[in-house]
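Peer 1: This is what each chain is made of:
There are 2 protein chains.
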Amino acid sequence: MPTLNDIIAARPNVYRFLRPTPLHHYPGLSQLLGAHVWVKHENHQPVGAFKVRGGLNLVAGLSEAERAAGIFTASTGNHGQSIAFAGRAYGVRVTIAAPEAANPDKVAAMRGLGAEVVLHGPDFDAAREWMAQIAAERGGLFVGPTDERLICGVGTYALEIVEDLPDVDVIVVPVGAGSGACGTGIVAKAVNPAIQVIGCQSAQAPAMQHSWASGQLVSAEMRTTAEGLATRVPFENTQRIMCEMLDDFVLVDDADIDAAVVTLLQHTHNLAEGAGAASLAAALQIKDRLAGKKVVLVMSGGNLSVGKLHDILQKQTR
Amino acid sequence: MPTLNDIIAARPNVYRFLRPTPLHHYPGLSQLLGAHVWVKHENHQPVGAFKVRGGLNLVAGLSEAERAAGIFTASTGNHGQSIAFAGRAYGVRVTIAAPEAANPDKVAAMRGLGAEVVLHGPDFDAAREWMAQIAAERGGLFVGPTDERLICGVGTYALEIVEDLPDVDVIVVPVGAGSGACGTGIVAKAVNPAIQVIGCQSAQAPAMQHSWASGQLVSAEMRTTAEGLATRVPFENTQRIMCEMLDDFVLVDDADIDAAVVTLLQHTHNLAEGAGAASLAAALQIKDRLAGKKVVLVMSGGNLSVGKLHDILQKQTR
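These protein sequence lines map, in sequence, to chains A and B. Residue 27 in numbering that gives the first Met the number 0 sits at position 28 of the first sequence, and the numbers go up by one each step. Residue 139 in numbering that gives the first Met the number 0 sits at position 140 of the second sequence, and the numbers go up by one each step.
It is possible that part of the hints are untrue.
For chains that are exact copies, the list does not tell them apart, and a pair is met inside one copy or across any two.
Below, in silico cross-link-like pairs of lysine to any residue (SDA-like), each with a Cα-Cα straight-line distance of 20 Å or less [stated by the list, open to error]:
id, residue 1, residue 2
1, K307, P103
2, K293, G27
3, K292, G111
4, K286, A258
Worth flagging that the hints you see were computed from the coordinates, not collected in a lab.
Construct all of the structure, not just a fragment, from the sequences and the given hints.
Peer 2: Right, here's the structure in full:
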């Protein structure tokens, strides 16, 4: 399991290309939740999501031979953009499998960063299994979404949170494959075990939550529209860390996530994708337990397509 | 006229409370414009707009007596949020007049930052003249939107641009009262006179552009929906600086600004308010002149209301 020290060691790899993201306090959200509410703006990253920290840490540590062979991965979008960004930064060839119905903005963004993107299969897990095969055949490194080097890289945002707000009480973090929640948990519990770390996932894609709650790796139906939360098959290594680090793990309906997208637009003027808005949806659901506390909501990413945004506004406003 | 040195001197006042904002490169916008395109993300500021830099610089320099008397200003929203933010940071009482039809999100945000907001008059200029009277009666400082201390504060974003991208060719900057354009011009021309600084304003609120083009202070009809550009009566001091510093000053239709809001959502996943999107609208209009160049678009702010966003998406998509 990665340690606080491993995450501290990732910082130079991250800050070679990125700056810390802001942690902003919002009076409107604070009023709404009856708490003191800050948002960690990972949507401000150059590719619009926290994962870019992990990609940069991973590629920084590759051998010359690994870089020369190119790297392979699968992604619904943000993880792929992260690896593509890092590959471009270091001149490493990147090949990405994405599900056939992937968010077209995210596919365009991965291609814009120079990656080769191949659409394959009905969901992330199908694309992942297929691309892992191809990487093995070609002798290149397949980067899974829960690689420890990614966890250490993304954990650097949690270090920024505890530095900017040392007396934080609760951090609410969305869970897709779990790298963000793991990095946050490792940092928070090492710095101050009293900091509560609460994961959240869509009720329409509850595999990670069910696995956490039951202590066993269980797959589950996946029909969320929030692709950043769309995990059907749980990951063993992040589950192991989350078991130890999460104080709670909340499921929120996609409809509540969509409502949270609108609330965040109104109070922060930031566009959150579904995963990025799930932390607010979860906080609203457990509002009673947050009363008066210092709460950080991780806005993990902002890569919502214009079409999806329009649909949400049609449903949620007026 | 403020100098580069005055703007450098403002930095400690700004960085006491804020971090530099990102300058992100966007492949999608670059393709669209046939240029290398970066966006300066002033929408990432804690109050969602560049002006907060100016407020912090101004309040930092007030005397004890001025702080004790409280400060007064008028605003369509962003300037007021800036002064309110700075007032809260230093414990100074802030009173703000806003036009009766002010963006309700921005009014709520000013109040959320602890300012007293009074709605008065049909537009910014009416609110301003009224509040300046009241400040004089009460013996408090009235802060006009083009105070030199504000220009120096906001100019710090231009320093960040030339530090992050020393070989920038063109900076496109929206003009409301002109503080951003002045700060940008002073920095750019002092650092490298070959950097082109291009202002832009709504064709539905062309007072500042008409004044710049004619060399005389002329008011003009004001019916833009982009409140950050909604100047009816031009400002003498910013006009004087812009005369010297701007290479061009482009008018863009409100409809093109609305289209640019959607294009920015698509390619950057950032919400821009009208003023913040005007720089892209202007760049698209003068695309031929930008071909192959390194272009920075200043996204001056992101405080678009959800209702207005919904209206824009209704008109622009599908």
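Peer 1: So, for every hint listed, does it hold in this structure?
Peer 2: Tested hints:
For the identical chains of this complex, K307 and P103 are intra-copy neighbours only, at 11 Å inside a copy versus 25 Å across copies, given an alpha-carbon limit of 20 Å. Within a single copy, K293 and G27 get their C-alpha atoms as close as 14 Å, which meets the 20 Å cut-off; across copies the closest is 38 Å, which misses it. Proximity of K292 and G111 under a CA criterion of 20 Å is satisfied inter-copy only: 18 Å between copies versus 42 Å inside one chain copy. For the homomeric pair K286 and A258, the shortest alpha-carbon distance inside one copy (16 Å) is at most 20 Å, but the shortest distance between copies (38 Å) is not.
No hint from the list above goes unmet by this structure.
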